[in-house]
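K.L.:
If you read the sequences in order, they're chains A and B. Residue numbering for the first sequence follows the working numbering, starting at 40 and increasing by one per position. Residue numbering for the second sequence follows the working numbering, starting at -5 and increasing by one per position.
One or more of the hints may lead you astray.
[As the list claims (entries may be wrong)] Restricting the straight-line Cα-Cα distance to at most 25 Å, the calculated cross-link-like pairs of lysine-lysine (DSS-like) are:
1) B/K197 / A/K243
2) A/K223 / B/K197
3) B/K81 / A/K230
Keep in mind the hints are simulated off the structure, nothing from the lab. In this text the structure is predicted, and so the values were computed from the model without any measurement.
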Amino acid sequence: MSHTANHPVLDPRFAQPFPKAVLPVLRNPQLRKNVAHAIDVIQAKRAKLVAEKTDWQELRTAASAIRTHALENLGFYLEQFEERCTAAGGTVHWAADAEEARKIILDILHAENASEVIKIKTMTSAEIQLNPFLEASGVKAYETDLAEIILQLGEEEPSHIVVPALHVNRSQVREIFSRTMGLKDLSDDPKELTNAARNYLRQKFLKIPTAISGANFLVAETGTVVVVESEGNGRMCLTLPKTMITLAGIEKVLPRFQDLEVMLQLLARSATGERMNPYNSLWTGVTPGDGPQRFHVVLLDNGRSSILAKKTERQTLKCIRCAACMNTCPVYRQTGGHAYGSVYPGPIGAILTPQLMQMHYAQSLPYASSLCGACYEVCPVKINIPEVLLELRSQVVNQERGKFVRFFDPMYLGLRVASVLFSRAWLFHTAQFFGGIGARLITRKDGWIHSMPSVGGKWTQTRDLRGFPSQTFHGWWAARGQQPSKEAK
Amino acid sequence: MSVSVSSRQQILDRVRGGTKSVSKPKEALAEAYAALPRDYVRAGRLSREACLELMIERLREYDAEVVECTPGELPAAIASQLALSGKHVFVAPPALPAEWLAAGFDWKVDHDLTSAEIEVAEGVVTAAFCGVADSGTIVLHHSDTEGRRVLTLLPDWHLCILRASQVVETFPEYLGRCQQAPTLVTTISGPSATADIEMTRIKGVHGPRFLHVILVNDQGA
Chain A
40 MSHTANHPVL DPRFAQPFPK AVLPVLRNPQ LRKNVAHAID VIQAKRAKLV AEKTDWQELR
100 TAASAIRTHA LENLGFYLEQ FEERCTAAGG TVHWAADAEE ARKIILDILH AENASEVIKI
160 KTMTSAEIQL NPFLEASGVK AYETDLAEII LQLGEEEPSH IVVPALHVNR SQVREIFSRT
220 MGLKDLSDDP KELTNAARNY LRQKFLKIPT AISGANFLVA ETGTVVVVES EGNGRMCLTL
280 PKTMITLAGI EKVLPRFQDL EVMLQLLARS ATGERMNPYN SLWTGVTPGD GPQRFHVVLL
340 DNGRSSILAK KTERQTLKCI RCAACMNTCP VYRQTGGHAY GSVYPGPIGA ILTPQLMQMH
400 YAQSLPYASS LCGACYEVCP VKINIPEVLL ELRSQVVNQE RGKFVRFFDP MYLGLRVASV
460 LFSRAWLFHT AQFFGGIGAR LITRKDGWIH SMPSVGGKWT QTRDLRGFPS QTFHGWWAAR
520 GQQPSKEAK
Chain B
-5 MSVSVSSRQQ ILDRVRGGTK SVSKPKEALA EAYAALPRDY VRAGRLSREA CLELMIERLR
55 EYDAEVVECT PGELPAAIAS QLALSGKHVF VAPPALPAEW LAAGFDWKVD HDLTSAEIEV
115 AEGVVTAAFC GVADSGTIVL HHSDTEGRRV LTLLPDWHLC ILRASQVVET FPEYLGRCQQ
175 APTLVTTISG PSATADIEMT RIKGVHGPRF LHVILVNDQG A
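With the sequences and hints as input, model every part of the structure.
P.N.:
See the structure below:
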């Protein structure tokens, strides 16, 4: 299993830079086909259901304001959630980082004498690499979401935050299930494959008394936790076990119960293109006679609080994990999720991952974007992702500025030369003159530059460049005998 | 757990420090919250008739079976649905009206039934708290007529009795019907489903695969 290797594939601390990490994907036509197909289907469904909603923009405005308000007053709302959840019979734990969260969860499992645990899909648990840790500590974790089962049994990594196995097609699923479940006659009919998963899990739901979930929302006013799902595996895990452990990022808090009327409407349409997802489960602490009688919430910081302090970056934490940004992203469509080297891929991952890593890792991700802005347009909570991308790029440049390597890097060399050339008009004109001669040498008869020497070759590897015109604008202007300074009067 | 106490303080300090310039004092928080923009649609615009029609249409889009009846016809309508299901063993929430428990079937009323006992039942009959027409959603608050959560989860076949007076058009209208915030809620929008394999929607993974709704016209017509 890839998890048991020295480090998991999707650990930003060990991941390759994005331009290197995408290469294997770009050479894998099957993977690209799987990703494009899945995305086309979700996009079409989402577009149809967003169009029928007459108050979509008003919902976005409200959601953005609610999330901003919650983050700006997060200290108050976190404490209120803790107080109300505790009053309702829950136990609230606080984890400063991934290591502490893993330890808290393991301590609870030890206190329960649990050697097995069932899990509802939670990207936060993937963020803290919980499964390999539990495995190493002698606790077997069973994923119960269909996509997560495919990944767990197939020893694959998630490539999307809502449909994590979208890069795997039906015949690959058939292969994984027939091999790991010992079902020789399994066909690749999705219905039959789904049924195989149902049978595989049924007894585990009924027998394993401890479960782990994530949370879509925490409601401060009431201490309520919300989990949104489709399959019913979530309801199974939330209802049948004796003990429930919920792992949630501190940013998941909503001020009041009423805010759900905005969030749930937006989330289902944005995430899966449904008017409402098949099941929403809301619970508040412990209810005597119904569901788990011991309930723990682990509130995870793991780098989130450091994002709060910065005005532009703070909006990153408004995210409700619908994945609309990656579904619409022209880069993600070509690369799929693995190239991002994080459990959070796509545009939101490109801004969230480096920040969760305190800008020590994943510095290539803010560049994994064409800045087209499609992500901002679809975001249900109006995160201006391009704005944050640019801010992070400037931070990356500032980091590099302090490094010795900038003296040798062609880009920095080029920019320093440019900065000198642009500062004096005569230098600029001279450079233009010699540049024109140089360009003529590599311009073909058709007026295009098909291949540039040195670092310029990276540009012309995949596209042609228009050759320089025979006359510059300045030359043309001067030839007309008009001085711009006179005109300005 | 001294470690956790200090982590709690550490996290809250970092959060408060980071939001110092934008956070509101406690006394001003409610006012700031009240000023948040809420210009989305809250009250429905459809007539009662159109609203009920929409509810039925949405439910059918989810492949749920829907039949309508008057309050007087309800026991007979339930009996007929049960007979059509071809199933015999049903569970029922403890306070389900006695006349809903049609004769000729094996009823297990939930007085602390175990999961194993519920698992062997073939179907379940419950009431509901609310129906939301806009999304075809059935809302359960898990009262004594709606049943514990496990009751509507393990059996493969769910018959839900929804009164027309419980149907609202929009999700905000549902929240408006809550006197106070409920502690347990399950919303059901069609039978359990997945699209995890090539985005092909497959009905029925772990929750009930068959959802039947009887809409009781209790508002006169």
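K.L.:
If a hint holds in the structure, say so; if it does not, say that too.
P.N.:
Okay, the hints, checked on the actual structure:
no.	hint	verdict
1	B/K197 / A/K243	holds, 21 Å
2	A/K223 / B/K197	holds, 24 Å
3	B/K81 / A/K230	holds, 23 Å
Of the numbered hints listed earlier, not one is contradicted by the structure.
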